[in-house]
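Dock chain W against chain A, hints included.
Heads up: the protein sequence lines correspond to chains A and W, in order.
Numbering-wise, this note's numbering comes out as the position in the first sequence, counting from 1, plus 40.
Numbering-wise, this note's numbering comes out as the position in the second sequence, counting from 1, plus 455.
Mixed in with the good hints there might be a few duds.
Stated by the list, open to error - Simulated crosslink set (EDC-like; lysine to aspartate or glutamate; CA at most 20 Å straight-line):
no., chain 1, residue 1, chain 2, residue 2
1, A, 85, W, 554
2, W, 555, A, 117
3, W, 523, W, 469
4, A, 138, W, 512
5, A, 148, A, 55
6, A, 42, W, 554
7, A, 85, W, 499
8, A, 138, W, 511
9, A, 148, A, 117
10, W, 555, A, 47
11, A, 138, W, 485
12, A, 82, W, 499
13, A, 138, W, 466
Unchecked claim - Here are the computed distance ranges between Cβ atoms for each label pair:
no., chain 1, residue 1, chain 2, residue 2, range
14, W, 533, A, 116, 41 to 49 Å
15, A, 55, W, 485, 26 to 34 Å
16, W, 483, A, 54, 42 to 50 Å
17, A, 105, W, 510, 25 to 33 Å
18, W, 470, A, 48, 28 to 36 Å
19, A, 89, W, 495, 34 to 42 Å
20, W, 495, A, 97, 25 to 33 Å
21, W, 472, A, 151, 45 to 53 Å
22, A, 47, W, 475, 34 to 42 Å
23, W, 552, A, 52, 16 to 24 Å
24, W, 472, A, 107, 25 to 33 Å
To be verified - Chain A stretches covered by chain W per the calculated footprint, using a threshold of three residues with CB under 8 Å from any CB of chain W:
no., segment
25, 78 to 86
26, 141 to 151
Don't read these hints as lab results, they were simulated from the structure.
Here a beta-carbon is modelled for each residue, glycine too, at the ideal position from N, C-alpha and C.
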Amino acid sequence: RKEVEQDPGPFNVPEGATVAFNCTYSNSASQSFFWYRQDCRKEPKLLMSVYSSGNEDGRFTAQLNRASQYISLLIRDSKLSDSATYLCVVNPTGGGNKLTFGTGTQLKVEL
Amino acid sequence: DAGVIQSPRHEVTEMGQEVTLRCKPISGHDYLFWYRQTMMRGLELLIYFNNNVPIDDSGMPEDRFSAKMPNASFSTLKIQPSEPRDSAVYFCASSLPFEKLFFGSGTQLSVL
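Just chain A, with the same shape it has in the complex (with noise of 0.2 Å):
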């Protein structure tokens, strides 16, 4: 089993719908969650940090289901400039700085 599994899509959707990614990790006792966007060719970047209780940043909400080992990216009024790759990343250790990434989840929208 991978450390961290995402669906490849690609997700089309009409501009303004509402989308969402979930993110499987295998690891119980891995501590800090993110979710990275990458456009095409060019480097990752933090889109946000995935807190226990949620967290929302504008039009985007992510949250942390421990028990189930999942994290989730929701888009809401998606944009043509959401389109990217978004790449789910877990420290499985829980200390230190080492990453793991997804392969990443497709989201194209669409006029």
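Frame of chain A; chain W shown alone:
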């Protein structure tokens, strides 16, 4: 700050040749990471350094790969000899302790 700087942006080489990728981290960052990205396997951590010391190189695929960090502002990833299956995008990233990673623009490596 200029961010993490990688060179070259693109490298095309023939099988068996030595390849050296370079990285300059953000000044003051204690951690430096080398990742490899392919369509099939996504982003894989190859090795990371803390204060110029290699901490975990368990992701280095085999002895053909080596990485060094002679000082706080420079790191290299070397592949010798290179093989076609090494073709990928290689990213360098740096960070402060427990802070987010800043990635360089990557090196697109093609081994023919």
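Now the hints, each set against the structure:
no. : hint                       : verdict
1   : A:85 to W:554              : holds (13 Å)
2   : W:555 to A:117             : violated (26 Å)
3   : W:523 to W:469             : violated (23 Å)
4   : A:138 to W:512             : holds (11 Å)
5   : A:148 to A:55              : holds (9 Å)
6   : A:42 to W:554              : violated (24 Å)
7   : A:85 to W:499              : holds (16 Å)
8   : A:138 to W:511             : holds (9 Å)
9   : A:148 to A:117             : holds (13 Å)
10  : W:555 to A:47              : violated (24 Å)
11  : A:138 to W:485             : holds (13 Å)
12  : A:82 to W:499              : holds (16 Å)
13  : A:138 to W:466             : violated (27 Å)
14  : W:533 to A:116: 41 to 49 Å : holds (46 Å)
15  : A:55 to W:485: 26 to 34 Å  : violated (42 Å)
16  : W:483 to A:54: 42 to 50 Å  : holds (44 Å)
17  : A:105 to W:510: 25 to 33 Å : holds (30 Å)
18  : W:470 to A:48: 28 to 36 Å  : holds (30 Å)
19  : A:89 to W:495: 34 to 42 Å  : violated (28 Å)
20  : W:495 to A:97: 25 to 33 Å  : holds (31 Å)
21  : W:472 to A:151: 45 to 53 Å : holds (46 Å)
22  : A:47 to W:475: 34 to 42 Å  : holds (37 Å)
23  : W:552 to A:52: 16 to 24 Å  : violated (40 Å)
24  : W:472 to A:107: 25 to 33 Å : violated (51 Å)
25  : 78 to 86                   : holds (count 5)
26  : 141 to 151                 : holds (count 4)
The structure is inconsistent with the numbered hints 2, 3, 6, 10, 13, 15, 19, 23, 24, although it conforms to all the rest.
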